[in-house]
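Protein chains in written order, with the numbering used here: chain A, 327 to 580; chain B, 38 to 345.
Incorrect hints may have been included.
Unchecked claim - 30 Å max Cα-Cα, derived DSS-like pairs, lysine-lysine: (1) A/LYS555 - B/LYS303; (2) A/LYS475 - B/LYS225; (3) B/LYS303 - B/LYS341.
If you're looking for bench data, these hints aren't it; they were derived computationally from the structure.
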Amino acid sequence: MRVLVCVKRVPLTGGRMVLTENAQAIETRHLGFTISPHEECGVEEAVRIVEAHGGESVVLTLGPKEAEEQLRDAMALGMDRAIHLVTDGEEWDPQATASAIVDAIREDESANGPFDLVFFGNESADGGNYQVGIRVAYSLGRPVATGLKGVTFEGGNVRCEQEVAGGRDVYVLPRPAVVGVLEGLNLPRYPSVPAKLRAQRKPVESRTPSRPESRLEKVRLVVPEGQGKEAVILGHGPEAAPAVVEVLQQIGVA
Amino acid sequence: MVIVYIEEAGELAQQALAFAHELGEPLHALAAGGAPAVAGVETIHVAEDDVFASHAPAAIAQALVELVERLAPTAVVAAGTERGNEVLAHAAARLDVPFSANCVAATAGDPMHVTRVRWGGSLLEDARLHGSPKLLTVQPHAVPAAENTGDEPETEAFAPTLSEGDRLVRVVERVAAADGGISLADAKVVVSAGRGAGSPEGFGIIEELAGLLGGAVGCSRAVTMAGWRPHTDQVGQTGTKIAPEIYIACGISGATQHMAGCKGAKALLAINTDADAPILASADYAVIGDLHEVVPAVSAELRKARGD
């Protein structure tokens, strides 16, 4: 079984968004980095699939050279090797991102055979474009299901489950296939110290694709205006309880 | 002309129609399987095929592509729901055009100027959308809904030409959920806590208060990642988006990940030891104090008020 997971390096945002002076990005001087939460579950699922069925798990990212940190993190969780499409730090639009990923997949598959399953996060935490995985699936001529909280192998197929009001909707796709997954698919493990050390020695293949013109072209980022709220302080400690109940009664829920 | 893809009639469809109307061109609609009850468009094009008996994103996208080729619209708009975004992404891949998801504003032109949300609404992006037609979805609850009044639109049925591949990705089964009580998304009251609850057992006082108010229990992402609560309880950008009459957030600092999930709350009460916690900037009411003391006191006070 060969499984690929595509991930994106994003800042670990705290309580307030602060932008760089040119409003092109979040100011990250004081922030750590991670991958999108949905993708963490994709990594965990890929590791579990290879643990259960054997084969190889590969993690891919398109991002600046610093994104190697996220590839190492994924390998510390059990991914076998990594492909890094190195950018100069400029953001790529979804079409350009998909096209570079397709080229990398084709190249890897021509040497190693097809990936049975390619995982994407349903949408990235930062861009939220909801489309890279679907575009990659179309370019490769493979079926794609998205918004998934269940991915299980059934013979030559993959059973995909979506949470909907009142239950779960099920899709059954033949492999090879592409899936877009959501957080809640599983509970990702934490890496062990030996696994982190092993990850430092796992192979990272890098390539430097060139960025095409953006067709969804970012002009600037804007921090939305706050609601300008000033919280009414109902009190301090347990003595505030009567004031809280009064508010609940006013709203009509007590 | 602008085509609006209607997944189902309702509030979000009316918001998408209002957004599309602002582009200043005649509106047509596409629906799959049957005509939704929407007004304010000239024609509803209804794609007919047995595959549309359940959700089939690739087939809907193919129907949309056929309609685009026949009618040559300047833009295609849909509600920015999970399935609205999915169908437009499929169509964008088929047409090889850009797609701007979850917009809050757009100005007609080429390129089209759009404002879209990032980080689940914690940031906005001004962007230029190239290509033809322009494909975009509308961020839910970001624009007012159009009234569903006006002349009854004409209905035109058509049978799109679907390949085996187009029919492949479709819902083949619906597994009913076990009745899990009040769902977080629909609850009128949500009481939640973060890591400050201290342990899985620490949620006992949260469950008690939620129970007294007929509400649901929520939690932060840190809590689900620690394995204390199931992911179905998580409020946030990658959890459930809630819209209760009041959201009682206990020991939750107000990280953007969490706040993206509770923007829909009509009122927010924060219970926090830190008077400078970011959540207070979004709160209507606050109690400064330890949730372990304040929450049981509120439960006791509620019982007293009810004469229990």
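Now for the hints, and whether the structure bears them out:
1. A/LYS555 - B/LYS303: holds, 13 Å
2. A/LYS475 - B/LYS225: Given pair A/LYS475, B/LYS225 holds - Cα atoms ~26 Å apart, limit 30 Å.
3. B/LYS303 - B/LYS341: holds, 26 Å
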